[in-house]
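Engineer: Sequence:
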Amino acid sequence: MDVPATDALARALYPRQNRLMTKSPDILCIGSVLWDVIGRSASVMARGSDVPGRIIRLPGGVALNIAMTLVRFGLRPGLLSSVGRDAEGDELTKACAHLGLDTTYLYRSEDLPTDRYMAVEGANGLIAAIADAHSLEAAGAKILRPLIDGPLGSAAAPYPGPVALDGNLTESLLDDIARSPAFCAADLRIAPASPGKAERLLPFLRSGRGTLYVNLEEAGLLCQTRFDTAPEAAAALLARGAARALVTDGGEITCDGHRDGILSRRPPEVLVTRVTGAGDTFMAAHIAAELCGADRDTALSKALTAAAAYVSGDTPS
1 MDVPATDALA RALYPRQNRL MTKSPDILCI GSVLWDVIGR SASVMARGSD
51 VPGRIIRLPG GVALNIAMTL VRFGLRPGLL SSVGRDAEGD ELTKACAHLG
101 LDTTYLYRSE DLPTDRYMAV EGANGLIAAI ADAHSLEAAG AKILRPLIDG
151 PLGSAAAPYP GPVALDGNLT ESLLDDIARS PAFCAADLRI APASPGKAER
201 LLPFLRSGRG TLYVNLEEAG LLCQTRFDTA PEAAAALLAR GAARALVTDG
251 GEITCDGHRD GILSRRPPEV LVTRVTGAGD TFMAAHIAAE LCGADRDTAL
301 SKALTAAAAY VSGDTPS
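Residue numbering for the sequence shown is 1 to 317, as defined by UniProt numbering.
Errors might be hidden in some of the hints.
Derived CB-CB ranges, DEER-like [said to hold, decoys possible]:
1) Arg259 - Gly196: 28 to 34 Å
2) Gly196 - Gly150: 30 to 36 Å
3) Thr225 - Ser172: 23 to 29 Å
4) Asn124 - Ile262: 29 to 35 Å
5) Ser207 - Ser49: 40 to 46 Å
6) Asp50 - Pro160: 48 to 54 Å
Calculated from the structure, these hints are not laboratory results.
Beta carbons are placed, not taken as given, at the ideal position from N, Cα and C, and that holds for glycine.
All chains, full assembly: derive it from the sequences and hints.
Structural biologist: Below you can see the structure in the form of structure tokens.
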């Protein structure tokens, strides 16, 4: 299947609205904002492989990847995260602003370095990755000050808009968010960041809050079992208390599980050239579609099309 390039895809899927620019962002993206260092090779790789390829450095992190995709769909995201006041942090903040992201609410730490993520990808997919998000974890609730007692909201006047939240925060902080009055009016959209951090989303199962975006493995970790299909996983997450869960499974069927029923769609077939960031693209495209008024079925279809364009290499990193 031929997939249109980024700008054409964004225009086709999410026509830009004639909106007045306001001081408040259209959506808040909370979580990791860091540098991605990614090595890619066209060769099939195994443990110990030493092959030619390319190594690139890009602005990344789950929250930032989601925000960058939302910008391409005509939205104006604000970032809540921790970025150091080191040279890498200054460079990253400038890059984010250049990309059209609102960096006003970033917590700039004097003593914590800017976080990093490193991944190696081969023709057979992601080989290994390490996320160094220790500064974000150490900053803790400081990154939420603008929402808890600041210009964006408070417990007395909760922020009423959409929030994309990633699991790079500590489980205790995510638990606080799930129960905090400051978030009670927000439309929470939550991703685990990686399978290793999937169980950090348990507070949102217990509280029945938010929309979860997980893959098949992450769904299994949350439910302490293994699933063969996305419909099976979505049903189990709902049974365990999830208000809503979108479950992806690579090129297999993807599901949107909700109390009104489980929708299933198969992604478009494309040649996979990269995988890091695909889940973030899917989540951002889905959020953008629903913010533009799409129904559940249409939003799922648009998100899968956008993710297919990304993994095929037809959208920029």
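Engineer: Each hint: holds or not?
Structural biologist: For each hint, the structure was consulted:
1. Arg259 - Gly196: 28 to 34 Å: holds (29 Å)
2. Gly196 - Gly150: 30 to 36 Å: Once the Cβ atoms are compared, 31 Å apart, the range 30 to 36 Å for Gly150 and Gly196 holds.
3. Thr225 - Ser172: 23 to 29 Å: holds (25 Å)
4. Asn124 - Ile262: 29 to 35 Å: holds (31 Å)
5. Ser207 - Ser49: 40 to 46 Å: holds (43 Å)
6. Asp50 - Pro160: 48 to 54 Å: holds (53 Å)
Consistency note: the structure conflicts with none of the earlier hints.
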